[in-house]
Structure formats: structure tokens, C-alpha cells
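If you read the sequences in order, they're chains A and P. Residues -11 to 490 in my numbering are what the first sequence lists, from first letter to last. Residues -11 to 490 in my numbering are what the second sequence lists, from first letter to last.
Hints are computed from structural coordinates only; laboratory data are not their basis. There are no misleading hints in this set.
Identical copies carry no separate label here, and so any pair may be met within one copy or between two of them.
With a straight-line Cα cutoff of 30 Å, these simulated DSSO-like cross-link-like pairs (lysine-lysine) come out:
id, residue 1, residue 2
1, K219, K240
2, K(-2), K124
3, K175, K483
4, K52, K(-2)
5, K44, K(-2)
6, K44, K86
7, K(-2), K86
8, K481, K464
9, K436, K447
10, K155, K374
The lines below spell out each chain.
Number of protein chains: 2
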Amino acid sequence: MENSILQQLKSRLREVHDLERAGAVLYWDQATYMPPGGSPERGRQLGTIAQIAQEKFTDPAVGKSLDQLQSLTESLPHDDDDASLVRVTRREYDRAIKVPPSFIAEVYQHITTTYQAWAQARPENDFEKMIPFLEKSLDLSRKMAGFFPGYDHIADPLIDLSDYGMKATEIRKIFSSLQEELVPLAKKISSLPPVDDSCLRRRYPHDQQMFFGERVIRQFGFDFGRGRQDKSPHPFTIKLSMGDVRITTRIKEDDFAWGFFSTTHEAGHAMYEQGVNPEFEGTPLDGGTSSGVHESQSRTWENIISRSLSFWEFFYPKLRETFPDALEDVPMEDFYRAINKVQPSLIRTEADEVTYNLHVMIRFELEMQLLEGTLAIKDLPEAWHKAYNTNLGIQAPSDTDGCMQDSHWYSGLIGGAFQGYTLGNIMSTQFFDQALASHPEIESEMAKGEFQTLHNWLKENIHQHGKKYTASELIKRVTGKDLDISPYIQYLKNKFGTLYSL
Amino acid sequence: MENSILQQLKSRLREVHDLERAGAVLYWDQATYMPPGGSPERGRQLGTIAQIAQEKFTDPAVGKSLDQLQSLTESLPHDDDDASLVRVTRREYDRAIKVPPSFIAEVYQHITTTYQAWAQARPENDFEKMIPFLEKSLDLSRKMAGFFPGYDHIADPLIDLSDYGMKATEIRKIFSSLQEELVPLAKKISSLPPVDDSCLRRRYPHDQQMFFGERVIRQFGFDFGRGRQDKSPHPFTIKLSMGDVRITTRIKEDDFAWGFFSTTHEAGHAMYEQGVNPEFEGTPLDGGTSSGVHESQSRTWENIISRSLSFWEFFYPKLRETFPDALEDVPMEDFYRAINKVQPSLIRTEADEVTYNLHVMIRFELEMQLLEGTLAIKDLPEAWHKAYNTNLGIQAPSDTDGCMQDSHWYSGLIGGAFQGYTLGNIMSTQFFDQALASHPEIESEMAKGEFQTLHNWLKENIHQHGKKYTASELIKRVTGKDLDISPYIQYLKNKFGTLYSL
Chain A
-11 MENSILQQLK SRLREVHDLE RAGAVLYWDQ ATYMPPGGSP ERGRQLGTIA QIAQEKFTDP
49 AVGKSLDQLQ SLTESLPHDD DDASLVRVTR REYDRAIKVP PSFIAEVYQH ITTTYQAWAQ
109 ARPENDFEKM IPFLEKSLDL SRKMAGFFPG YDHIADPLID LSDYGMKATE IRKIFSSLQE
169 ELVPLAKKIS SLPPVDDSCL RRRYPHDQQM FFGERVIRQF GFDFGRGRQD KSPHPFTIKL
229 SMGDVRITTR IKEDDFAWGF FSTTHEAGHA MYEQGVNPEF EGTPLDGGTS SGVHESQSRT
289 WENIISRSLS FWEFFYPKLR ETFPDALEDV PMEDFYRAIN KVQPSLIRTE ADEVTYNLHV
349 MIRFELEMQL LEGTLAIKDL PEAWHKAYNT NLGIQAPSDT DGCMQDSHWY SGLIGGAFQG
409 YTLGNIMSTQ FFDQALASHP EIESEMAKGE FQTLHNWLKE NIHQHGKKYT ASELIKRVTG
469 KDLDISPYIQ YLKNKFGTLY SL
Chain P
-11 MENSILQQLK SRLREVHDLE RAGAVLYWDQ ATYMPPGGSP ERGRQLGTIA QIAQEKFTDP
49 AVGKSLDQLQ SLTESLPHDD DDASLVRVTR REYDRAIKVP PSFIAEVYQH ITTTYQAWAQ
109 ARPENDFEKM IPFLEKSLDL SRKMAGFFPG YDHIADPLID LSDYGMKATE IRKIFSSLQE
169 ELVPLAKKIS SLPPVDDSCL RRRYPHDQQM FFGERVIRQF GFDFGRGRQD KSPHPFTIKL
229 SMGDVRITTR IKEDDFAWGF FSTTHEAGHA MYEQGVNPEF EGTPLDGGTS SGVHESQSRT
289 WENIISRSLS FWEFFYPKLR ETFPDALEDV PMEDFYRAIN KVQPSLIRTE ADEVTYNLHV
349 MIRFELEMQL LEGTLAIKDL PEAWHKAYNT NLGIQAPSDT DGCMQDSHWY SGLIGGAFQG
409 YTLGNIMSTQ FFDQALASHP EIESEMAKGE FQTLHNWLKE NIHQHGKKYT ASELIKRVTG
469 KDLDISPYIQ YLKNKFGTLY SL
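The following block holds chain A by itself, in its conformation from the complex:
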């Protein structure tokens, strides 16, 4: 279907898209190289751009074009590209017109100053300083939800922004079933003698870590001609354009896992974005479909692949060559056990696969309570420590590694920021099982350092579609089933059952 209304709509959407991507460049720069003096104006710049993008997108002319295209696209199949463009744009338009552009600018300006304040306050363990910022963030988050009256739960409109169609009630149900399985598993493993993972905390020089990480993700299929890797305090993936998807990582010379699994995690996100159908460029279809599906991709490469024995069968000799001093006396099996050590710990991004979701659930539940009004910002540190005590049996010595640990609440709205991690874990095994069913050779290829079959399968079945299908449509399309925790539970029980001889 080609007609002038569609062309006109696409041209307007491209303009909005350019502004959004320009905002991404400003954000990336802010998080990587911007000097401190740039901070106040950068917030305003981001706000201005976001506001103009919002104004242009919510122009009644867009709504009119969408109305006119409605009948034309109704006759087309659901998976037609143009029909999908109109459908997804309609959904985003109907949502966007509910939010005033000045509010968007206010949010951007606020989160920019909040992020800068957090970057200072976090190492100083100064949560007090962050209270007014977070109170405003919470206020803005409630206001945002308020633009969508008729929700079941106040968090639903916020969750919708990252995981379209999911509801707080449904997520609580899934999380509760998962918790029932994970807590006994974690407990059982905790009762066993602890694995020695000290080999991971020997000296791994900075440059070699960057080199090794980049080598691995290049082999995965991350395209450095269409992306790059830099460093930032909190790693992230960002799409600056279809041909420019960037990741950031972090390096500690005395902690190999800290940087390496961050690199493979972000590469998973980035490969998703690099794999979107180029035809979708400049439209709302150009991007990952949900936070959950995005995490399914990052966790596939971070966990299912780069924490697997097959992966290290190929890469461990290379790793040893790169870090001879650190690994000379470490057999691969010991290294493999070290990177898969299960232990209740304080930091989400360093957590093992079994306890990781407990970190997520704590954050999700705190978000819900903040939004429901049953928890005040000033009481967040205490609530955080209490939740860690209850769920993981440990407590952070500071708020630095407590409720100031993640950047999410300090760089965006509160609510909807965390559930995607666990939804992604669940999906990752559903997808991977399906890939294995179609291509059993994936397993043996991994042990040869070959990832093309898997990467192609992911591109074909997930990446290329961008936002064309919702997460639930995609899961159904790919696996024939709905979201289901059992493959994930099975995966964990198999892997850690073997590892810990349960």
C-alpha cells in the first residue's frame, strides 16, 4: 500500500524520529564524555528536543492521517508492514496526546539534574540529598499515571510504557509463582559449601578486558561498523540510528565478571536493535518491542550463552592467553563454577541467575508501594534493607549499594522500570528452547565459537520485527504459547542441579 497520506505521515514520523534520536545522542554524550559544566544546559536541551518531538507527534494532523489510513489498512493482514505501522503509531499517538508536551520537557529536565545529583550522591552514600529529587520523580510519576484514568492499578500506565499490555496484578502473580520456585532452590544451594570464585578477583588489566569483551561480542555478531562500546558508570544500550547502536560497559581491574557480563548483556540488547528491519527506519516500528523482550535478548547472550560451559570450551583458552597471570592455574571447570556461583548478594547486576530475580522483585514491589502511597521516599532506605533481609537474608552496609544502587529511579520515572528484567529472563528460555528445537546444532556450534545460526534465528524470529508485534504476540508467534515460567524454571534446575549436584 502506497499513497500520499501514508507518505505524509511517514515524513512527519521521520522528523519526530530524528528528534528522538538526536536526544539519544545527547543522552549518550551526557553519560559518557560530557564535562560537569555541561550538565545544566544539557537537561534543558534534552527537554526542548523531547517537547518539540512530542508537539510534532501529537499534532492533530497526525491523528487525521491515522483516521484516514484506518479504513485502508483494515483490509490488510495484521502482519502487513504498513498496517502494523498504522496500528502501532495509532497506539502511541493515542497515548501521547494524553500527555502535555510541557510535562515531557519538565520530566526530561528533572531527570537530567537528578541523574547528575545521583552520580555525585551515590559514591558519597548521601541518600538524604536525593530525597527531594525522588519526591519530585514520584510526584511526576503519579502525574503521568494520572493522564491515563481508568487504570486498574496506578502503576499500569507506567508499566505500559515499557511492557505494553502487562498489568501490575499479572506481574505480581507471575513473580509470586517464580518466587515459590526460586527461594527453595537458592536456599538449597546456600546450604552447600560455597564455591571458591576468588579467581575472578585477580588482576585483569583494563585494556585486555576491553579487548577480550569486544572480541567476544564481535564473534556473537555485534556489528562495530554500526555501533561502538564506551564506558559509563551504569552500562546501557542506546540506538542513535539504525546504523549506530552503542553500548557502554564498566571495568574493574580486580573483577573480571563485573565488566565482561555487562558487555555481553548490552551486546544482546544492541544486536536486537541492529537487527530491526531497515525498512522500519524512521518510524515507530524501529526499535525493540518491550522491555521484557529486550531483556530476553540481553539475558540470552549474557547468561544462556556466556555463562554456559559450551561457550567457555571455545573461549576459555583465549581468555587464558589474554590473562595468563590470572588464570594459569585455574582449570576451566573451576572458572565455570566461579562465574556461576550462587550466593545471595547485594548488587543486582552482579547477581547469579538464581537470585537475580529476587533483586528485581524487591525493586518492583517497592515501586508499587511508592506509587500506592504506602511507602514514603524518606523511608525507602529502610524498606530496601528490610526487603533484602527478608528475601535474601543479607543487608547492604550503605545506601550506595542499597536503594541508590541502580540508575533507574534516578534517570526516569518510578514504576515500570524493573519488571522487564524478570519477564525477559522468562522469555529468554522460551525463545532459546524454540531456537534449539529448530536448530539443535546451536549447542555444538557454541563450543566452536560459532553463533551465526542462533543470531540468524533471533534476527529472523525476533529482531527484524522491531515493534511490529507486541511482546505477547511475539511470544505466541515464536513459541506457539503464552508467557510461561516453566521453561525458565526447568533451565535453572537443570543447570544448577548439575553444577551443584542437587
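Fit chain P to the supplied structure of chain A, relying on the hints for placement.
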């Protein structure tokens, strides 16, 4: 003067300003870190942003505000900030409304692809490839001039964009007087035995060069809390915000001068921008007033300061500590002679102070001929070589170091790109003489590595004013005279007369 019309105007100007600065971030990124795959969309992003900025600036509402403010500001003195804001905005508005926003977007898109093509074609010495790009650039440049009918010379409207108020005829006159003085001086020196500058081409390790350069410019007064230095093929200075002014440099391990004088040059530009009155932030007054005045600042720090004997009296021992292998056996006087070696050469940015302006004049004259239509793009390489033969008695072995040498024609319009360099050289000595007259201690402070008196004088007399005064107003205000080549000629004759015992 404070009233709501002014506030409204300022708020609109701030929005335009934010978009322009966002464009600067995108440009900086493109020239430093962007992967090749980002190129096509980046051009479009820059074009979209420039077009929206242009649309917003040329909104009739801006004109109406300016009309309403006219009578209010007429009663204010010329140097009142608000009166200056209205005057300068009026000037830029009257110019901007003559250029259609779609044309701006077309130019941005074109120069982005041209720059990328040049970055590839230049090392491959493939001028042929650049012909269609340059032909389009020339076509766009003529079109641009065409938006300003009534000019004396087709280049005048283009010159106006960087050196407001200057005319091709006037520049040709100044250049011709200068040439009469420079050519005999250069010839006289060329007849003497050549200086040995081989010490500059020993091994100067990359990191130490970056370190030393940053140390020097920090001491000049470049504020790294409000700026940074990166590398790019062609060094430049760019203002991302009042608190974020960045420079780029280049490093060759076997050529100390190549990187070092580029760093001190760009630092001069950057300190100008860092020194603009913060009250001007977000308005058209926030920025250097002309290409010429900008170059006067860069050339002050590059030449008058960092190619002076006093400067090296302080820094040479530090330089030797940093590069002991290269400089152990080189007395300061030999080093000083080496960095001031006069010799006809191929590369403008490496040229000595005596021959430098001849490079500029060649480019300016070629630009004039291209615009006048007496020279075709395809004949540019030949014309370039011919001019170098005539003026400097040498010829480049390739177009890489010929007409593809500078980025200017490949990253902007043709016309008005070069005259500022020589105008700046002339102004730099007029300003510096004035600074010395007020503060004779500047000379002796330099020999102690102290630059605060000079920097403060420049801030006070030049930097803080931003675009408030035109270049000619500023020269008059600071020196009491008009633009005058005699102090510059005197400076060169003194310095090189002593150096070469003429």
C-alpha cells in the same frame, strides 16, 4: 529593561539555541566517535534539527516581538545588553528569513555526506570522487548568495555569515597590501641557510603529547570542568553549551608541532567561548562575534604565546622532562628556532607565521574564482597547484595535500571560509599590543608560566562581549583604531628579523 515581550522573545530564542547546540553535539559526535554506519541518518538528523531551528527562529512572531522592542531599545545606549540582544537578533532574523528552512536542511544533509566522502577520498587522493559533491556545494553556495540580492560581489553574503560587514573587495585590498610585505620577507629568509628542525620529528609518544598539551592549555586558563579535548582528523572547537566547550586535536608520534600547536590554537578558540558573559546564555549573543576575532584568539595562544621564547623559557624544561629521549641533546634556542622555521610548505595548518597567510590568500582567491564562475570545480586541483607554484614556489605531490587538504569546502559552503584566518592574524597583534600597553608585565609573566593577566585582559576586553559588538566595533573599542596590518607586519619583522639576524 524587563518586560514580557522581551521575556517571550528570550524564551523563543532559548528554544532555537537549544536546537542549535543539540546540533553541535551531533556534529561533535560525528567528527569524533560515530561509527561509519551512523553517517546517513546523522546527516538527516542534523538537517532536521537545523530546519526546525530555522523555522522557529524565522517565525513571524519573532519579527513581531523585535518590532515591538525596537522603540523600547532605541532609547537605550548601544552597549546595553538588552539593546544589543535586540539589535543582533534583528540582524540575524532579517538574514534568516531570506533563507528557506528546507534549503538549510538540504545544506546540512549535503555537507554531512560530503564530509564523510571527503574523509574517505582524501587519504585515497581521489579528487574525482569529490567533484559531484563540490559541484553541488558550489551550487548551494551560489543559491545561498542568491537569497541576498543587491550584493557588490557574489561572495559578500557568504563572507557576511562568518565575518559580518567585510566585503570581498576590501579583503582583496588588505590581502594585497599584506602580500607586498610578506613575499619579500619570505624570500629573504628562504635565501638563508635552512634551519634544522629535525628535533621536532623524533619520537614523541602519543599519551605524553596529550598530557603535555593539556597541561599547557590548563595553565593558559582552558577550563576542563567546562570542556574537554578529543581527537579528530581535522581539529576544531565547538560549543555544546556555555559550560561545555570542546576542542579536538590530532597526534603524530613523529611530529611534535603537528599536535601541540593545534592544541594551543583550538584552546584559544575555546577560551573565547568559555569567556562569554553567562548572562548571554541561550541568546544570539552567546558566541564569538566573527571568524576573524575568533582566529585572533586562537592565533594569540598558538603563535604570539606558544611560539615565543618567553613561553618556552618556562615550558622547555617541562617539555624535556616529558620527552627526555627526543630532547636531551637539544638546547632551548635550537628548539625555538625549529618551531619558528620559515619555509614554504604544503600544509596550511603547519605553516610558519610568515608564509601562513599566503596559504590563506590562495584559498580565498580560489573561492572567489569558483563563485565568480571563472574556475570550474574539475579544474580546482590544477588551479591549486598553479597558485602554490606562483605564490610559494612549491607543488603538492597529490590532491590529498592539495585541494583536499582542508575540511572547510567539504563541511560547509564555499566562500567565506578562509579570510578569517588572516584577518585574525592581523587583529591578534593589534589586540596583543594593546594588552601589553596596559599590562607590560604580561611578557615577564609568560616566562614564569603565568597567563592570568593576559587571559583576564582578553576576557574583559574581548571574550565576555560575545556577539554584542561586531568585529570592527570591537577593534575600535579595544584599540581605538580600525583594522590595521602595520602592527602585524611589525611583529613579524621584529620576531623573524631577530631570529634570522636580518
